[in-house]
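So the sequence lines, in the order shown, correspond to chains A and B. Numbered per this note's numbering, the first sequence spans residues 29 to 317. Numbered per this note's numbering, the second sequence spans residues 29 to 317.
Where hints are given, some of them may not hold.
Copies of the same chain look alike in the list, so a pair counts if it fits in one copy or across any two.
Stated by the list, open to error - Simulated pairs of lysine to aspartate or glutamate, EDC-like, Cα-Cα distance not exceeding 16 Å:
id : residue 1 : residue 2
1  : Lys306    : Asp236
2  : Lys54     : Glu188
3  : Lys54     : Glu131
4  : Lys54     : Asp190
5  : Lys122    : Asp190
6  : Lys54     : Glu186
7  : Lys278    : Asp305
Since the hints were derived computationally from the structure, they do not count as laboratory data.
Number of protein chains: 2
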Amino acid sequence: MPMTARIERAIARALALSQGGSAPAKLASALPYATQPGGARIRPTILLSVAASCGDDRPALADAAAAALELIHCASLVHDDLPCFDDADLRRGKPSVHRAYSEPLAVLTGDSLIILAFDVLARATVDHPDRGAQLLLALSRRTGMPGGICAGQGWESEAEIDLGAYHRSKTAALFIAATEMGAIAAGHAPEEWLDLGALIGEAFQVADDLRDALLDEESLGKPVGQDDLHGRPNAVCEMGIGGAVDHLSKILAAAIASIPSCPGEAMLAQMVSHQADKIMPAVPARYRA
Amino acid sequence: MPMTARIERAIARALALSQGGSAPAKLASALPYATQPGGARIRPTILLSVAASCGDDRPALADAAAAALELIHCASLVHDDLPCFDDADLRRGKPSVHRAYSEPLAVLTGDSLIILAFDVLARATVDHPDRGAQLLLALSRRTGMPGGICAGQGWESEAEIDLGAYHRSKTAALFIAATEMGAIAAGHAPEEWLDLGALIGEAFQVADDLRDALLDEESLGKPVGQDDLHGRPNAVCEMGIGGAVDHLSKILAAAIASIPSCPGEAMLAQMVSHQADKIMPAVPARYRA
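Bound-form chain A, shown alone (with noise of 0.2 Å):
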């Protein structure tokens, strides 16, 4: 089965267990709203493409991962749409949460959703007892408090923002979530493709600045330029376009670089390659080295 096809089931079998006779039908329905059509589903396409890589010994483990992965990251997106964050009105070109159905039930959708993520790995423990409390373990750690993307979006409330700190947290936890969690579920250890999802996140933070900077509204699906309407941390405002797309381009090979020596190795760095294709906007030439 193609990998999309998978991550599409994996979702879609999480959203089902939230469903039930009694279950009040607008909360409900928001679920799947916030989750259905889904964005590039890039976390959970790498935290496959490394449990492939890592022989992929326990597929529907795997697969608990990646839409329990997924479903926190857009829950994430719910909350970080809320009017007192971002205050956005479309996501993914459609209406947000909140202005789809109410803020109540954006606050909720947010919470059920991480609620499911972690229902849906529980489960998954119950037949694999050692790699689902792992997998648990670091879903909790990327996403919560003091280090996971609580604690970076949390940081936009402090006056001095520790930038590494906040990098890591805000973007590059649910990244290295996903290598972690993909080695994790096929058997193998975490810390060694820790490098990896960091580096990926990173990239992915520097892509996003751009696309921040370049791209208009129609395109992206989101108003533009909201992170430095914010005044929050941005690699184009510290580098300058041409320095940030050189920038991305070497912290690329230093991912590729990273991977560790296993039989999908080749497989994998093609993927990284594919995925940054995919993540960089289209810079003009005059900002090009």
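For this one, chain A is given, so just place chain B on it according to the hints.
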């Protein structure tokens, strides 16, 4: 060690996991602010009481379960207090988290506490895989969709409310989690403990409705009549103060009758009576049968 000391120690140990060198300071301090000092800690007290009645042969696991459950309860209070829900200025006699910190930090505090709850259980699962996985599943089921407290809060966004499903999920769910998780932590089957949790939850809901109708803001620590104000269903509105008092006594008798045969049966009956005394508001004599 007295039960209250066990509970506070378990919560303090859980919170310590959320603190660290690279954490953003405000969010890091909001987590203890939202959880310490606590309220009556009634849910973890019930959980540890049921565990004790079942032999409490894995006290560290019961402690982790008690902390996780209380963290979820505190998270729900932080999110319920948000401007888009109850817009409450006060909680437990001090400013609510969004008043003391900010709305973004209150959203993140709730998210972080939810994740921390699952993290605490995931850590306990490493040493106790079978019971740990069961505890995780019980907590996610009673917290998320379709039947946990998120669903209960979601019902308030529906034009027509299924009263049975609303009360079961909004209030009873975490009391059911308390009895189920207490049994699981001590190696017993959770099913036969469900009724006790459901009945305590129902009693708590009726007592809360009575308190809302009777007490003033000073002694309660939150604005009075909040539920009535927002047009939510209320036992006192349905059956009057006298009827609600009578109903509450019957529920508590049923709760005590539902306790499964176990070594700690008498102790547990005493605990329920004690909790009942604590939750029963001072009702003027004219309302009593």
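Handout entry: Within, between, both or neither, where lysine 122 and aspartate 190 count as close if Cα-Cα is 16 Å or less
Key = neither (34 Å within a copy, 30 Å between copies)
Practice task
Evaluate lysine 306 and aspartate 236 at a C-alpha cut-off of 16 Å and name the case that applies: within, between, both or neither.
Solution key: Classified as within; 11 Å inside a copy, 54 Å across copies.
Problem - Status of glutamate 186 relative to lysine 54 across identical chains (alpha carbons, at most 16 Å) - result: between (35 Å within a copy, 7 Å between copies)
Problem - Identical-chain pair category, lysine 54 with glutamate 188, by Cα at 16 Å - result: Between. Shortest inter-copy distance 11 Å satisfies the 16 Å Cα cut-off; intra-copy 40 Å does not.
Handout entry: Identical-chain pair category, lysine 54 with glutamate 131, by Cα at 16 Å
Key = Classified as within; 12 Å inside a copy, 24 Å across copies.
Handout entry: Homo-oligomer pair classification [aspartate 305, lysine 278; C-alpha up to 16 Å]
Key = within (14 Å within a copy, 67 Å between copies)
Exercise for the section: Indicate which option fits the pair lysine 54, aspartate 190 if close means a Cα-Cα distance not exceeding 16 Å: within, between, both or neither. Expected result: Between. Shortest inter-copy distance 13 Å satisfies the 16 Å Cα cut-off; intra-copy 39 Å does not.
When each numbered hint is compared with the structure, a violation occurs for hint 5 only.
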